[in-house]
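Given these sequences and hints, build the entire structure.
Each protein sequence line maps, in turn, to chains P, R, D and Y.
For the working numbering, add 113 to where a residue sits in the first sequence, where the first one is 1.
For the working numbering, add 113 to where a residue sits in the second sequence, where the first one is 1.
For the working numbering, add 113 to where a residue sits in the third sequence, where the first one is 1.
For the working numbering, add 113 to where a residue sits in the fourth sequence, where the first one is 1.
Rather than coming from a laboratory, the hints here were simulated on the basis of the structure.
Only a predicted model underlies this, so the values are computations on that prediction, with no experimental measurement involved.
Hints are all accurate, no fakes.
Pairs involving identical chains hold if they fit within one copy or between any two copies, as the list cannot separate such chains.
Here are the simulated EDC-like pairs of lysine to aspartate or glutamate, each with C-alpha atoms no more than 20 Å apart in a straight line: (1) Lys153 x Asp187; (2) Lys171 x Asp120; (3) Lys171 x Asp328; (4) Lys315 x Glu184; (5) Lys153 x Asp297; (6) Lys315 x Glu138; (7) Lys315 x Asp270.
Protein chains: 4
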Amino acid sequence: MKQMLADVQAKPDTRGISLAEVGIEDLHYPLLIADGQGGKREVAATVTMSVSLTADVKGAHLSRFIDVLNEWRDQFGPGNTLSMVDELRRRMGSRSARAKVSFPYFLERRAPVSGIPSFVDYACELEATVLDTGFELTQQVDVPVTSVCPCSKAISDRGAHNQRGHVTIGARPLDPRGDLWFDDLIDIAESSGSSPVYSLLKRSDERYVTMAAYDNPLFVEDIARNVALALQADGRIAEYRVRIVNDESIHNHAAYAAIPWTAVATDSWSGNGD
Amino acid sequence: MKQMLADVQAKPDTRGISLAEVGIEDLHYPLLIADGQGGKREVAATVTMSVSLTADVKGAHLSRFIDVLNEWRDQFGPGNTLSMVDELRRRMGSRSARAKVSFPYFLERRAPVSGIPSFVDYACELEATVLDTGFELTQQVDVPVTSVCPCSKAISDRGAHNQRGHVTIGARPLDPRGDLWFDDLIDIAESSGSSPVYSLLKRSDERYVTMAAYDNPLFVEDIARNVALALQADGRIAEYRVRIVNDESIHNHAAYAAIPWTAVATDSWSGNGD
Amino acid sequence: MKQMLADVQAKPDTRGISLAEVGIEDLHYPLLIADGQGGKREVAATVTMSVSLTADVKGAHLSRFIDVLNEWRDQFGPGNTLSMVDELRRRMGSRSARAKVSFPYFLERRAPVSGIPSFVDYACELEATVLDTGFELTQQVDVPVTSVCPCSKAISDRGAHNQRGHVTIGARPLDPRGDLWFDDLIDIAESSGSSPVYSLLKRSDERYVTMAAYDNPLFVEDIARNVALALQADGRIAEYRVRIVNDESIHNHAAYAAIPWTAVATDSWSGNGD
Amino acid sequence: MKQMLADVQAKPDTRGISLAEVGIEDLHYPLLIADGQGGKREVAATVTMSVSLTADVKGAHLSRFIDVLNEWRDQFGPGNTLSMVDELRRRMGSRSARAKVSFPYFLERRAPVSGIPSFVDYACELEATVLDTGFELTQQVDVPVTSVCPCSKAISDRGAHNQRGHVTIGARPLDPRGDLWFDDLIDIAESSGSSPVYSLLKRSDERYVTMAAYDNPLFVEDIARNVALALQADGRIAEYRVRIVNDESIHNHAAYAAIPWTAVATDSWSGNGD
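Printed below as a string of structure tokens:
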């Protein structure tokens, strides 16, 4: 067999350039994710995995990423994502390793007046980085809401432009194996817009949602600040970032507001721990 | 040189299966398109081109598609797209050939009260099919509008949900070298929603647009019918199709209405030709 | 309560224009789909549903689409999609109704030499249309393969350009409640390229796949014809369409070949039924 | 007129949360960009613009973003993007402002043997951030290449898997009004893969490209390092980042390598300035 299957990746490299990330992306894989109530649900995940590569080695053995993912695929969740990434780092002999796992997540929601249940979809993401000196875990949710424009309402005799908005929250938990769950972040996002959105609304519900949103007009700036206050008050979060995007109904572009990674002030959240 | 560059595509095929389309897609190419006022504008087009292949030939020579496109690239427009496709058909020795050219198209629009100009983008498309027995030319536009929900307005004491909608019109002109232009179809689409959208709106404009839209609530069904009536009345159109999509602000899904290819009744448009 | 929640959609319309489709699209919903072995799997589906609307009615009640979907969501599969669409048609009082349900589907595949298992993802789709006079059911799969260019191999002293290709098969089964399954169509697509693709390949597998593909060079035209022959021979298929797209490695565009809806010749498949 | 068009955005805010970015995104706008040879070309740009907002103000006046963009739209280029962002910052009274402008860019390339010209598309991007204390300018290109896998070639008796790759280079020039141009970065990217890609290749060209690529096999790691060495040697670049993505032909996922923002060592580039 040709060159007895030479290990080309293991050869030395002399260009003197280390690589922060070598890996795979856009891999679609079925994972079993803890559902926060002790059960598991299968999700169709999109996966990115990488390791760092020192300057003296030519390449990384990418098939091992799938080996590791396959071993962990039936026991995903925030804490275990860290464990998987740490195993990846050790098996690859790397200084750092990272994984990002994105998937659609569904929650049953009851229409506000009729009470009829239907499912709403949320885009969720787990991202873990492990170095020889520490680690970082991010839980992210992307949540649709309705937003009514306060300016349009204030300056118009009737009506107000409104649109679908998207609230994206990234949170790093104080305790990566604690009880912060996607549902918690989704609840914060959903209650920070002018109104939640639903898949099924009967007429009585549509009336309710229309007026509730009209009575609660919010700019992207307002929603971002409301979300930040709620995250500061949660007590389980060490750092967060927020991004709100409104698909403006009177423009063909979007409005957005963003808060970058921000540490939760100790006195802010500690009070909530009581 | 190996096999003197064997012409593999020209070899015979014995599987007995003809192919309706063999070609290229997702080619990005700079084209000069007539702007309807005697000038030209460069657009970044996405191109699909194909020919039919008889059952007895193994393959098509795809490099010739680029040859042909390159020759016509500085003189695009509805009529010339037909000419290009006809040349493609003849050079490939095929029974039929087809091309689809999609590109962003910009028009300067004045805000309704302040009159300040800004550009709005529309997705346009030319599609031409030429057979040995005839041809077909489609001009398509995709136009953003605002839509206010009539039901939400009727059942609520205040407010009404509204959102960005997209009006897609495909039209086959009676005369492919006539004066039907993208701008005409865009005007029909834009005036069939609750209100046009703009890139720039000052407060006086926002007040105007908010109230104008609120005073003109329309379902996707209404918009589709309004567009169809306008196309029927235009006098330059032989066939049309319509599709309206509303990015519902109270749901995380869209509502839509569609009218498939429909011939314009002769007595409908002939009366307008007088 | 305002106008006692007026039923705006039920009002008459006088524009004289019927609509072929009024409905919802881009709805993300969790469905339980039969897995072909008597079990069920949860999938994250993207759903389009519509009904026809007669010229004399103003609008359709879109919330009922979610009602119907929700009732059927735990018993999906080809035959039941038809049943659901028929129920939708009857509940909406429409002449025709249609639904399209797309979802990622995973199959475990063993690497060809090492035998190590991993999952490969396939995009699947069910589309059903029901009229008062009949129905139509389409099962579609989109399958990644490797393709090696026969021309590049024939004219070069060494090497041959190759790339990821996508084989899309749409099939209408003779018996919509028969045993034609997504797995069958995936197998046909996967065995019609130069080689299947895998998520995990060890070096011995990579050697095998590289040489197997190099020894089996195929144009998009070849793959389309191979797929068509296999579908003709299957015995369970009434009509099919095929589309092959190669993400050319030496171009920044794709090559493609397409066969439109084609009826399977009776003598072709009947022979296979014995 | 209602409340004389109250300036809602200018109201005070008491939540105590400043926002790093408030702005618009996904705006499509026609811009005239310097082409590096003294001329200009119209491009269909996708634009993001934002300013920071202090904790004590409720909102930003987003219509002014379009005012500013419109004024500068016919004189774009790296240096002027900085000027525009600085003007935005001053007009909005903000500490920082930023803009990102992405557009397709075409270069005519001659096939390597036949010499026939055709256009290849590259995704380009300008990003500028201006603070009261300094500024940052990034020029980015995304360039398609062919890559042949060194491992597949080494372990196989014949053939080697290859695929389309994407080389993304972000560079911060030493002199933002200097002569570093998109074309320079595109050249570096294109010459760092196994071979450039072309829109049009005749058979003699296809033979040349197939063998040239086969004779120059490169991992994503190799391409990343080659690009980094070329950027280090350029003499006009202060910082760079690199990302290579290969759409693997034997997998349904991608392989990638990334180098984060890296300062060019002074002794590395100063030598090139002589």
